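Read top to bottom, the protein sequences are chains A and B.
Take the first sequence: its position 435, counted from the start at 1, is 428 in our numbering, and no numbers get skipped.
Take the second sequence: its position 464, counted from the start at 1, is 457 in our numbering, and no numbers get skipped.
These aren't lab readings, by the way, just hints derived from the structure by calculation.
Remember, predicted model here, so these are calculated numbers, not experimental data.
There may be inaccurate statements among the hints.
Remember, identical chains collapse to one label, so a pair may be satisfied in a single copy or spanning two.
Unchecked claim - Below, a list of computed lysine-lysine pairs in the DSS-like style, where the Cα atoms sit at most 27 Å apart:
hint, residue 1, residue 2
1, K181, K354
2, K439, K454
3, K439, K65
4, K65, K488
Protein chains: 2
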Amino acid sequence: ISCYLSRSANTQFSVRRSARDITNMSQQAANGLPCRGKVLNLDNMNPNVRRVEYAVRGAIVQRALQIDKELKEGVKKPFTEVIKANIGDAHAMGQKPITFLRQVLALCAYPDLLDDNKFPDDSKQRARRILEACGGHSIGAYSSSQGIECIRQDVARYIEKRDDGISSDPDNIYLATGASDAIVTMLKLLVCGKGRDRTGVMISIPQYPLYSAALADLAAVQINYYLDEDKCWSLDIAELKRAVTAARQHCNPRVICIINPGNPTGQVQSRQCIEDVIRFAKEEHLFLMADEVYQDNVYAEGCKFHSFKRVLFEMGPEYSTTVEMASFHSTSKCYMGECGFRGGYMEVINMDPEVKAQLTKLVSVRLCPPVPGQALLDLVVNPPQPDEPSYDKFMKERTAVLAALAEKAGLTEQIFNTVPGITCNPVQGAMYTFPRITLPQKAIDKAKAEGQVPDMFYCMKLLEEEGICLVPGSGFGQREGTFHFRMTILPPTEKLKFVLQKISDFHIRFTQEFS
Amino acid sequence: ISCYLSRSANTQFSVRRSARDITNMSQQAANGLPCRGKVLNLDNMNPNVRRVEYAVRGAIVQRALQIDKELKEGVKKPFTEVIKANIGDAHAMGQKPITFLRQVLALCAYPDLLDDNKFPDDSKQRARRILEACGGHSIGAYSSSQGIECIRQDVARYIEKRDDGISSDPDNIYLATGASDAIVTMLKLLVCGKGRDRTGVMISIPQYPLYSAALADLAAVQINYYLDEDKCWSLDIAELKRAVTAARQHCNPRVICIINPGNPTGQVQSRQCIEDVIRFAKEEHLFLMADEVYQDNVYAEGCKFHSFKRVLFEMGPEYSTTVEMASFHSTSKCYMGECGFRGGYMEVINMDPEVKAQLTKLVSVRLCPPVPGQALLDLVVNPPQPDEPSYDKFMKERTAVLAALAEKAGLTEQIFNTVPGITCNPVQGAMYTFPRITLPQKAIDKAKAEGQVPDMFYCMKLLEEEGICLVPGSGFGQREGTFHFRMTILPPTEKLKFVLQKISDFHIRFTQEFS
């Protein structure tokens, strides 16, 4: 058959033309239509996009949503609801919004309420200030692409306070559609070169799969460095050296990404470790990306959040004037958990001014980050002060959320570690546990026979039998031959206990079944 | 000097190393530091990003912001404010938000207000419905990546009603962070191949520069087809044929993008023209992207918005079952003008189910579109009905906005066409005029001598002398030797008259000065 598609017979994709296409074409030919497949199909779409994977919302979550629907349609299951412990989605887990934040947002959305005496004065004052900074005094106007100037000023002051006075320049702050947006934008700027000169980006294993997904999309080279599970997921400089040295054989390593507190691993890095990483970045001439979205989520005794910016500046001008860095923060985590607003920012340090101009140009193409998210961020970095009417309630709500998280972090570690075959590092920070699970050889064999990775097989079985949705460790990366899952500690305490018990029972049952 | 940077001496960028780098390196060497430039500089950053241009927020807007600051600092100018007529930012131009939309958004942000009898019942009912569809009944929870299901259902029903019953499947609707986000995502899916097999994308000239920016970022091939200024910016199929035929010599044309009503050109396409485009897309085996964000902004007598979807289905199954298409809509334009919320959607038609699964995966990496923007979209597609308490006020506000825009569209054409050297097509729809300006040869020569494109020179002079910010036609593309600018018609009527007069006077003065 003479066929339009043969035009592209010399493309890199044509060899992969599938039986499906041929069927498509034959059907069309039978209908008397020109013999052509879809303009856009799996074989001729962007190959980088095909390589993207994002486990946190992957196959297991698709199945969880299906089961949810089946339950609603009255299908009988051994459980009455699906508990989605796969993602750090605080409000979905029942955490209540912080009153002050939502009052100001309502005032910004509908300024007629500024006359309402139900709202405290400080919430009105904050709303007025935000509205005055908006075009036409409306959050419905575009903002400047870098974000509203007075909010960037507030962010800079917040960072200065956090870092005991180390100065922050509002011009170095870029507001974003959540931290994810800023991270992808920064990676995009950094990627160039072909073949052996292609940009390599160092990421931890286990990692948060936004990184691997963005690198696949950008066709950058992913350089894995492994965290040390036996030392509470700590970061070892010798391992960084090993990884970068090996990578220099086949790519151009230019970036190191660190997540602190860790996702999915929950560790909080020591000041010493951060210093070592900064020294390493300087020695190896790497751009440092510090994902610090869990900076307020630190629970463990003796642990403290140290910002990369602060350590960098405390190391003196040899470092503070040379090491190029971006730090990321978000409104989705910490005590507020406002994921749906997609608020966040990055601070860039020592960035070449010409590159900064390019960054500003790049973000302008998408016009601006969502203004409600910008407004929310402003409240997070500029919360009620002790002399203001909303202070007491705000502090009470904030403290309650963080105290509950700390309790749940302890509980999780404690219960999992009583189960033979589950070992769990302390959840020092962030919102997840990443316990190691021992799987019987028979289960591993069964999974492989079914074409599944063993921890996916385990998690799917847990989902089908108990209605609990976790993410398999393979979605984050793990050392060959080890298996894990990620679970958020966000469910309310009683529900979390229930979930932990259900998983424990399942694990014992699973082990017996495959022994 | 032996230098770290020489490692990458064989990259494609090293040849462009600039004097600046050398200076950087020498300075560092003098300080006793290792001789290395920035990790990230203009020469080794992503070359695609460097090629991106976005005139709507380009150099002229940067200068406008500076002038704004100078005015605030008390610098004397021949004007007291900068009027930013460069962008379709309705609220910034003084348009008031629609009450109903903002009431519901306030209720969603702060559900305590659901007890407040100040809010009409239908606004409460809408807010409750949205909240019930959110995780934990909070707009602070992540939504599904494709967008909240009941909102996608509402969008589908809205499309069905718009298209007189042609069915729409909620599974084909993807909510997005403004239409821009959806357009970029769709283009990203479509781009593949190398060299002569690289994906080519047909865009109109003049175009909205989001398209050229996204194509530069994706390193796709931009294929220009010219609109016919002499025929009110209409689209000529012969011109499409010319463009695609020429392009096949050097790339693989796979996509055609259409903006209707037009941006920046304000034309509204006839039903016949849309049919011709669909036939062309089918014949040439192109994916059709229909940017229809101005679908409610149609002003001219005898003009009507015809959706590509509807025309496609009215052409019968030969077309409706084969032509692959995506249509885009937004909450930023029409009567609501809520740009800051970044709401929008796309509907995909005849998309390969496997590609759809890839699309769903791709959007999941960014978690979800901002939920306040999704909520807003729900209200736009599901506005108050005649039997509901908010209906009268809603309709009054909506009609007033659209009537004022229609008046301003007429006014703009009329006033500009009285000025010798300015010719202006009717503003049939959208929010812009794109008049042609005749520039004296002396002005063209002067601009070239100063290294500026002539219409940038003109617009910069207008900005400095009158405080009016327009975008030069070169930012959108125009036929060689012609010059234009884009101006939004959004300023309030009296201010618009003032602006039109100022530009007219300036044009006459400019022409005299350079004659």
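Starting from the hint list further up, note which numbers the structure goes against and sort them upward. Hint 3 is the one this structure does not satisfy, whereas the remaining hints hold.
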